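Given next are the chains, with one letter for each unit.
Number of protein chains: 2
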Amino acid sequence: MSHTENFKAAFRNHPGGVAVLTADSGDGPVGLTATSVSSVSADPPMLMFSISGLSSTGPALLKAETVVVHLLGEQQVELAKTFATSGIDRFADQASWARLTTGEPYLVSAPTWLRGKVVNQMEAGGSTIVVIEILEVRLPEEGQDAQHGQRPLVYHNRTWHALGDSSALG
Amino acid sequence: MSHTENFKAAFRNHPGGVAVLTADSGDGPVGLTATSVSSVSADPPMLMFSISGLSSTGPALLKAETVVVHLLGEQQVELAKTFATSGIDRFADQASWARLTTGEPYLVSAPTWLRGKVVNQMEAGGSTIVVIEILEVRLPEEGQDAQHGQRPLVYHNRTWHALGDSSALG
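For the protein sequence lines, the chains are A and B, in the order given.
Position 162, counted from 1, in the first sequence is what the working numbering calls 162; the numbers after and before it change by one each time, with no gaps.
Count along the second sequence from 1, add 170, and you get the number used in the working numbering.
Hints were generated in silico from the structure; no laboratory data involved.
Check before you lean on any hint, since a few could be wrong.
According to the in silico footprint, chain B covers these stretches of chain A (three or more CB under 8 Å from chain B) [what the hints assert, rightly or not]:
1. 6-18
2. 77-89
3. 95-102
4. 112-120
5. 125-137
It should be emphasised that the depicted structure is a prediction, and the values quoted were computed from it without experimental measurement.
Where is the CB? At the ideal position from N, CA and C, for every residue including glycine.
Chain A on its own, in the form it takes in the complex (with noise of 0.2 Å):
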């Protein structure tokens, strides 16, 4: 194999969790599954991820000034998957989305999600890194965390799983 093939088959074992990023820079709603998002401070809190120069809706996401981040849980994976397909619209079922008061675009049903603003970013290989500062956390209500039902979605090797007792070691 290549050294590229090599590097891809490394990370096709490396799991992750599972978000869907949306937003609108002025010419409507975009959005895409990232499983790349991670905290990188929490005082101020602050988190990262990147978008690949190949993804399609990257450039429109890349020129918004604010972000909606959402942490999704098992009972989200048919989102994960819709915002992970290419040539669909991926707004159009219009009862899976609505506008916060702020304008950003957002899904109904993601019992987390976390609203920031773009601070810095650094290109890469072709790809983009994306540094957001947190400006508003919405947490799952009783009754839809993790500690009430709602097990926490990973992507790995073009598989989706969620974590539970089952998967947690001894």
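Keeping the supplied structure of chain A fixed, place chain B upon it in accordance with the hints.
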């Protein structure tokens, strides 16, 4: 809860694949467990991670020109714990590590690792985001990888998990 506490609560519930980073900038081997490792670009192959300014070993790691990133499976959970523990000599077990011919310390029992050179860094809220370009990829031999029994390790809400058939969504 405060804004920062809400942010922490959201990310406690966001799972991450588990990696151990090792390096030596001339003062001896250093290493730490990271859940922020993510692929950024496949061609050229690049990955990113973030290092907290609060990490005791962060500054030494950030001085290194090259880093080894081990992507861990369930059989490396003790390594993950060791490299996440403060106040110990993480390299005390001489049998657990060796030097690559290029000089970097690496963990001999980790079947997947990538060696790369630092190509960019970006400050973000007291942490540092690092991008490395991959120079060398080590993949599992047959019988070691996910398809042959090694289940990838995931960290979530202070618990270690392993992905497998029981966590896959149908």
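To see whether the hints hold, each was checked on the structure:
| no. | hint | verdict |
| --- | --- | --- |
| 1 | 6-18 | holds (count 11) |
| 2 | 77-89 | violated (count 1) |
| 3 | 95-102 | violated (count 0) |
| 4 | 112-120 | holds (count 4) |
| 5 | 125-137 | holds (count 8) |
In the structure shown, a violation is registered for the earlier hints numbered 2, 3, in ascending order.
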